[in-house]
Amino acid sequence: MRQRIFTPRNNSDPTQKKSLLACPECDLLQQLPELAAGVVAECPRCGAILCRTQKNSLERTIAWVMAGLVSYIIAVTFPFLAMEANGISNETTLWSGIIALYKQDMAGLALVVFLTCIITPLFAILSQLYVLLPLRLGYHLPGAARLFSWTQRLRPWAMMEIYMLAILVSLVKLTKMARIIPGPALFSVIALVFVLAASSVSLDAHLVWDFLHPPLAGDRVEKRP
Amino acid sequence: MTARPLTARRAQMVSCLSCQLLSPVAAGRTHCSRCGSALSPRKVNSLSRCWALVLASYILYLPANLLPVTISTSFGRHPQTDTIMSGVIYFVKTDFWHIALIIFVASICVPLLKLIILTFLLCSLQLGWCKRPLERARLYRLTELVGRWSMVDVYVITIGVGLVKLGALSNFEAGPGAPYFAALVILTMFAVESFDPRLIWDQMEESQ
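Protein sequence lines correspond, in order, to chains A and B.
Position 165 of the first sequence, counted from 1, bears residue number 165 in our numbering, the numbering being contiguous throughout.
Position 113 of the second sequence, counted from 1, bears residue number 113 in our numbering, the numbering being contiguous throughout.
Only true hints are included.
Below, simulated DSS-like cross-link-like pairs (lysine-lysine); rule was C-alpha separation at most 30 Å, straight line:
1. A:K173 with A:K103
2. A:K176 with A:K103
3. B:K165 with A:K103
4. B:K93 with A:K173
Chain B is faced by these chain A residues, among others (derived, beta-carbon under 7 Å):
5. T92
6. G97
7. L101
8. L109
9. V112
10. I162
11. Y163
Computed footprint of chain B on chain A; a stretch qualifies when at least three of its residues, placed anywhere within it, have a C-beta under 8 Å from a C-beta of chain B:
12. 26 to 37
13. 43 to 54
14. 113 to 121
15. 167 to 173
Quick caveat, the hints were computed from the structure, so don't treat them as lab data.
Think of the CB as a built atom: it goes at the ideal place given N, C-alpha and C, for glycine as much as any other residue.
Kindly generate the complete structure, drawing on both the sequences and the hints.
Quick look at the structure:
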């Protein structure tokens with residue numbers, strides 16, 4: 001459900017209110033009303049998404065992220081494609097392409113693939129666990145706010161879904177050259193993509209920021225009912 | 001609603017782009033008190049940074065598309081070099097039109113379209129247009145959304161390089177154009193990130 005939220009009038013003093021925020025894309029000040037669960041709030045002026053609410057947002061996100069960690073581990077350790085031609089067979093994991101690029105004097109390219117497909121998704125998974133799990137249990141650990149802001153900012157650089165498309169393209173493309181056998185990691189890459197997408201949809205960043213708001217490290221925060 | 005909408009800037013507030021916390025300008029903070037990100041009312045030097053990255057991307061667009069991105073040898077034949085476009089043509093000829101379409105859209109159309117949109121947005125700000133801010137904001141959001149998908153070709157090359165290693169019989173290497181192409185995608189992503197869409201609305205408000 002999409003809901004447009006309303007701007008405060010100029011005469012009331014909106015700067016005093018707590019749930020006030022400025023649209024990140026047009027700077028319009030607005031007052032967030034109490035939103036029902038499952039709502040996407042849009043800026044009334046430019047249509048940017050301001051926040052999405054979700055029932056049991058923290059619990060759902062933690063569950064998705066944990067599932068993500070499992071599929072990530074499988075995705076990086078097992079081969080996702082194998083090819084067989086003239087009696088020679090060859091398997092590829094997420095790493096083998098990167099290592100092959102490095103050996104071909106394409107260290108820069110190898111680094112780009114390494115960062116966007118291995119490091120950033122892992123960072124996203126681990127940092128969300130570090131931030132959200134203690135929050136759910138009623139604590140927050142030092143550096144959580146900092147880490148969470150980095151997680152949000154690095155989001156576009158985790159490119160697992162694009163890698164999945166690339167695997168599918170290669171799968172079709174290489175069937176001409178040799179016999180292609182999908183490996184176990186292929187399915188976990190696909191699972192990882194959907195799980196990470198689900199985790200980002202279920203995450204209500206505002207809720208997390210509200211929990212993190214008293215930024216003193218080690219403080220006990222109120223447990224969610 | 002009054003004629004001039006109330007923005008954070010007019011209310012003397014700075015909004016943090018990471019956590020959306022509003023801080024009063026009067027407090028003189030350079031960093032957000034909640035998440036520690038750098039605070040400024042608008043992205044710093046947004047226009048000049050974005051111009052620089054856009055121009056650099058236009059320059060990279062040439063080697064990325066003219067130099068071969070893959071070199072493949074099979075069964076002792078003469079090595080075959082492919083640019084992005086010749087790869088697309090090859091797929092069309094071999095009846096893989098769906099792959100041809102994906103690669104053509106992701107690697108040729110999207111980067112060019114993104115650069116044209118960013119150039120248009122930058123020009124519109126420099127020339128002081130104040131019409132159709134909503135459409136321009138949507139154009140910006142579109143570039144933000146689709147830009148990353150250009151990376152698909154880089155990954156296809158990576159997978160090919162990792163997979164096709166059948167000894168002396170057949171080999172697959174990344175060509176000299178591949179790093180230029182990856183650099184092009186990354187620079188355009190930075191260009192989109194450095195552009196501040198709030199400037200579109202500022203201009204419209206000032207003209208009222």
